[in-house]
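Participant: For the protein sequence lines, the chains are A and B, in the order given.
Residues in the first sequence are numbered consecutively from 156, following the working numbering.
Residues in the second sequence are numbered consecutively from 5, following the working numbering.
These are calculated hints, taken from the structure and not from any lab test.
Just so you know, not all the hints are guaranteed correct.
[Claimed, not checked] Taking lysine to any residue pairs in the SDA-like style, the calculated list, with each CA pair at most 25 Å apart, reads:
#1 Lys-219/A <-> Ala-221/B
#2 Lys-54/B <-> Thr-216/B
#3 Lys-219/A <-> Val-7/B
#4 Lys-182/A <-> Ile-189/B
#5 Lys-162/A <-> Thr-216/B
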Amino acid sequence: MDILISKYNYCVALILFLMGCYGIIVKTNLFKKVIALSIVQASIMLFYISIAVKTNGGIPIVSKDLSTPIDPALYANPLPHVLMLTAIVVGVGTVGMGLAIIQRIYAEFGSVDGPEVISAMEQSEL
Amino acid sequence: MKVIAFIICSALAALFLIATGDLPDWGSAESPANSYLSPYYLTNALNDTKTPNVVTAVLADYRGLDTMLETTVVLIAGFAVLLLMGSRIGEPKTVVKREMDILKVLAGGDQIGLIVRITSQLLIPFIVVFALYVLTHGHYSPGGGFQAGVILGAVFILYSFSNGVQSARLAFSQRLQVICAIVGILVYSGVGLTCTLLGGTFLDYSALAAITNLDSAYSRSLAILLVECGVTLTVMAVMFLIFSSLVGQHSPLNNKN
Chain A
156 MDILISKYNY
166 CVALILFLMG
176 CYGIIVKTNL
186 FKKVIALSIV
196 QASIMLFYIS
206 IAVKTNGGIP
216 IVSKDLSTPI
226 DPALYANPLP
236 HVLMLTAIVV
246 GVGTVGMGLA
256 IIQRIYAEFG
266 SVDGPEVISA
276 MEQSEL
Chain B
5 MKVIAFIICS
15 ALAALFLIAT
25 GDLPDWGSAE
35 SPANSYLSPY
45 YLTNALNDTK
55 TPNVVTAVLA
65 DYRGLDTMLE
75 TTVVLIAGFA
85 VLLLMGSRIG
95 EPKTVVKREM
105 DILKVLAGGD
115 QIGLIVRITS
125 QLLIPFIVVF
135 ALYVLTHGHY
145 SPGGGFQAGV
155 ILGAVFILYS
165 FSNGVQSARL
175 AFSQRLQVIC
185 AIVGILVYSG
195 VGLTCTLLGG
205 TFLDYSALAA
215 ITNLDSAYSR
225 SLAILLVECG
235 VTLTVMAVMF
245 LIFSSLVGQH
255 SPLNNKN
């Protein structure tokens, strides 16, 4: 119970991650599988960003006033922000590629349902 | 299948919940992630690079090689979509005109789409100016190359939704998309190679001080802007490349007959 209160950020990421995992395993529609993968990705981003948070910390843009030394405790950790910034754009690219593959599968086998595609593939091999 | 998936997910949940006990508290400033490297970035970025936005400084300077390769991943994803959906680089424009345009049908054809068209024509210049602001002001406020690239890509997608994807392709052809994407990477790696030629290591922007007549911190700030421009070009081109390939001629949406 203590974990749920003081570390609820990890619990939210965990719930999203498991929702995505369940979707990847159970759903046979390929589009829904891609959506589930995106949910897993979103949970990882949430996890990283929540690590960067500091109590009393603002956005990581330092004040140009050089009279006082910069106190790192007053700014959020910039490193997870950088990692997720690139990960989001790469994620758009990979989701786009997944959709392209699904479109090719539909054009070839006339279905976006996993088992139907596999049986269509077996028939075309015979 | 559902039972097996539920068991796997419950087992994962139990494992993660046990592991969560060892993770640092929410908002803790002393957690491992917040205590070794990131204080160095926060205290030294302004002196080293004259860039108050530490995220931009870390993205383009301290972790420049990482960002260059991430941009290359975006480029490769764009090329993969191009190969999967069929390239149309060499085709004459008359062929482009004949195909059915799914977006134009969705927008209501020539008559009903009028309001959408006029509104987006009014909006697009302001969105472009905002994207350029996000790019050039990325040193001082939230923003940078990736964000500006995505906004510019969204401009072309908005134009495709209001005027049809073919008119958008006439303005920004597939050949131009591929050239833009490659030029972006070449700008980025060119800045890095220039540093090598001037005697520094790859992507060590302080070596650029020899040709910019600025001190090393300001030349790093300038080089950050240059590489962000390269990132913007690549991301913009790849965003529209993926979108226009997915709704284009070879898409099953347009071949329903």
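Participant: For each hint, tell me whether it holds in the structure or not.
Facilitator: Verification of the supplied hints:
1. Between Lys-219/A and Ala-221/B, the direct Cα distance comes to roughly 15 Å. Compliance with the 25 Å bound is thereby established for this hinted pair.
2. Under the criterion of a C-alpha separation no larger than 25 Å, the hint pairing Lys-54/B with Thr-216/B is consistent with the structure, at around 15 Å.
3. A hinted pair counts as satisfied when its Cα atoms are at most 25 Å apart, and Lys-219/A with Val-7/B does not qualify at roughly 57 Å.
4. Using a Cα cut-off of 25 Å, the hinted pair Lys-182/A and Ile-189/B is violated, with the two alpha carbons roughly 38 Å apart.
5. Restraint check for Lys-162/A and Thr-216/B: not satisfied, since their Cα atoms lie roughly 49 Å apart, outside the 25 Å limit.
When each numbered hint is compared with the structure, violations occur for hints 3, 4, 5.
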